[in-house]
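K.L.:
Take the sequence shown: its position 210, counted from the start at 1, is 214 in our numbering, and no numbers get skipped.
No lab work stands behind these hints, which were simulated from the structure alone.
Possibly wrong hints are sitting among the right ones.
Computed list of lysine-lysine pairs in PhoX-like fashion (alpha-carbon distance at most 20 Å, straight line) [unchecked claim]:
id: 1; residue 1: K35; residue 2: K59
id: 2; residue 1: K159; residue 2: K194
id: 3; residue 1: K194; residue 2: K137
id: 4; residue 1: K44; residue 2: K59
id: 5; residue 1: K137; residue 2: K159
id: 6; residue 1: K28; residue 2: K76
id: 7; residue 1: K118; residue 2: K137
id: 8; residue 1: K231; residue 2: K159
id: 9; residue 1: K44; residue 2: K76
id: 10; residue 1: K231; residue 2: K197
id: 11; residue 1: K87; residue 2: K118
id: 12; residue 1: K118; residue 2: K159
id: 13; residue 1: K35; residue 2: K87
id: 14; residue 1: K28; residue 2: K44
id: 15; residue 1: K76; residue 2: K35
id: 16; residue 1: K28; residue 2: K59
id: 17; residue 1: K197; residue 2: K137
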Amino acid sequence: MKYLIIFVLLLATYAIRAQTDFEKIDLPGLKSVHVDTNIKVILIASPANYLSFAKDDNARYIRYSYRGGELKVSKDERIDDAKEITVYLYFTSFEELRVDGSSVVSSLSIIEQKDFRIITSGNATVDVRLELKSLTVSTNGNSRVTARGNTVNEKIEADGTSMFRGDDLVAQTVILNLRGTGSVYVWSDKEIKGRATAGTEIYYRGIPARIRINSVVALPGASLPYKLVHLDGGDMRRN
5 MKYLIIFVLL
15 LATYAIRAQT
25 DFEKIDLPGL
35 KSVHVDTNIK
45 VILIASPANY
55 LSFAKDDNAR
65 YIRYSYRGGE
75 LKVSKDERID
85 DAKEITVYLY
95 FTSFEELRVD
105 GSSVVSSLSI
115 IEQKDFRIIT
125 SGNATVDVRL
135 ELKSLTVSTN
145 GNSRVTARGN
155 TVNEKIEADG
165 TSMFRGDDLV
175 AQTVILNLRG
185 TGSVYVWSDK
195 EIKGRATAGT
205 EIYYRGIPAR
215 IRINSVVALP
225 GASLPYKLVH
235 LDGGDMRRN
C-alpha cells in the first residue's frame with residue numbers, strides 16, 4: 005500500500021511538471037494557420053484553441069504571432085534546417101491551413117467541420133484526416149498534401165511538381181485545375197471534371213459516373229496529353 009501511494013504521488017508530480025513544462029498560448033476565435041520556415045506542427049482536436057510547445061532550449065527559436073484570428077508560426081531562420089522543432093496546435097475548428105518552406109504539418113485528430121482550405125508551397129508536407137462538406141486544396145512548388153477521410157465536394161488546384169494524395173479521401177464531386185507536371189490522386193463516386201495541362205498525371209479510385217477533363221497545353225514544347233489512371237481497375241487512358 006505504501007509503494008502504491010508513492011507511485012500515485014510520483015504520477016501526480018509528473019503530470020503537474022508536464023503541464024508547467026509546456027508553454028500555452030490561447031487562440032480565441034482561430035480562423036487560419038500559417039506555418040513557415042521548416043517547423044513541425046501537430047494538430048490535435050480540443051475544446052479550446054491554443055498553441056503549445058515545450059519550455060526547453062528550442063523554445064527561444066520559435067516565432068509566433070496571433071492577430072485577427074490568424075496564427076503565424078515559424079522557426080528562427082538563423083537556425084540550421086536540420087534542427088527539428090515541434091509545436092502542438094490544439095483546435096476546435098479553423099478555416100484555412102497555409103504551409104510554406106520545408107514545414108511539416110500532421111494531424112492526430114480528425115478535422116471535422118463544414119469547409120476547409122489547404123494551401124502549400126515550397127517543400128511543405130501536410131498529412132491530415134478530414135470529415136467535411138467541402139475541401140479546397142492549392143499546391144505549388146514541390147509540396148505534398150495527403151488527405152484521408154470523407155468530403156462531398158473537392159477542388160484541387162496544383163502547379164509545379166507538387167503532389168496531392170487524396171486516394172483515401174472519399175468524395176462525390178472532384179474539380180481539378182492542374183498545371184505543371186505534378187500528380188494528383190483522388191477518389192470520386194460521382195464526377196471528376198476540370199482542366200489539366202500536358203504532362204499532368206491523374207490517378208483515381210471509385211466509379212464516377214462522368215469524367216470530363218479538358219487538356220490544355222501550357223508548357224513550351226509540351227505535346228504529351230495528361231495521363232489518367234484508374235487505380236481500382238488498373239486501366240490507363242491518355243486524353
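K.L.:
It remains to establish, for every hint, whether it holds in the given structure.
P.N.:
Each hint, compared with the structure:
1. Simply put, K35 and K59 have alpha-carbon atoms about 26 Å apart, too far for the 20 Å limit, and the pair is violated.
2. Under the criterion of a C-alpha separation no larger than 20 Å, the hint pairing K159 with K194 is consistent with the structure, at around 14 Å.
3. Of the pairs offered as hints, the one joining K194 and K137 holds, with about 15 Å between alpha carbons and a cut-off of 20 Å not exceeded.
4. Note on K44 and K59: the hinted pairing holds, with a Cα-Cα distance of about 16 Å set against a maximum of 20 Å.
5. At most 20 Å may separate the alpha-carbon atoms for a hinted pair to count; K137 and K159 meet this at roughly 12 Å.
6. Restraint check for K28 and K76: satisfied, since their Cα atoms lie roughly 15 Å apart, inside the 20 Å limit.
7. A threshold of 20 Å between alpha carbons decides the hint, and for K118 with K137 the separation of about 5 Å falls inside it, so the pair holds.
8. Restraint check: the Cα-Cα separation between K231 and K159 comes to about 19 Å, which is no more than 20 Å; the hinted pair holds.
9. Under the criterion of a C-alpha separation no larger than 20 Å, the hint pairing K44 with K76 is consistent with the structure, at around 13 Å.
10. A C-alpha spacing of about 14 Å is found between K231 and K197, which places the hinted pair at or below 20 Å, so the restraint holds.
11. For the proposed pair K87 and K118, the alpha carbon gap of about 36 Å is over 20 Å, so the pair is violated.
12. Using a Cα cut-off of 20 Å, the hinted pair K118 and K159 holds, with the two alpha carbons roughly 14 Å apart.
13. Taking the CA atoms of K35 and K87, the gap is near 29 Å; set against the 20 Å cutoff, the hint is violated.
14. Distance check on the hinted pair: K28 and K44 sit about 17 Å apart at the alpha-carbon level, within 20 Å; holds.
15. Distance check on the hinted pair: K76 and K35 sit about 11 Å apart at the alpha-carbon level, within 20 Å; holds.
16. For a cut-off of 20 Å, the pair hint linking K28 to K59 stands: about 10 Å separates their Cα positions.
17. A distance of roughly 18 Å separates the Cα atoms of K197 and K137; the hinted pair therefore holds under the 20 Å criterion.
Comparing the model with each numbered hint stated earlier shows that hints 1, 11 and 13 do not hold.
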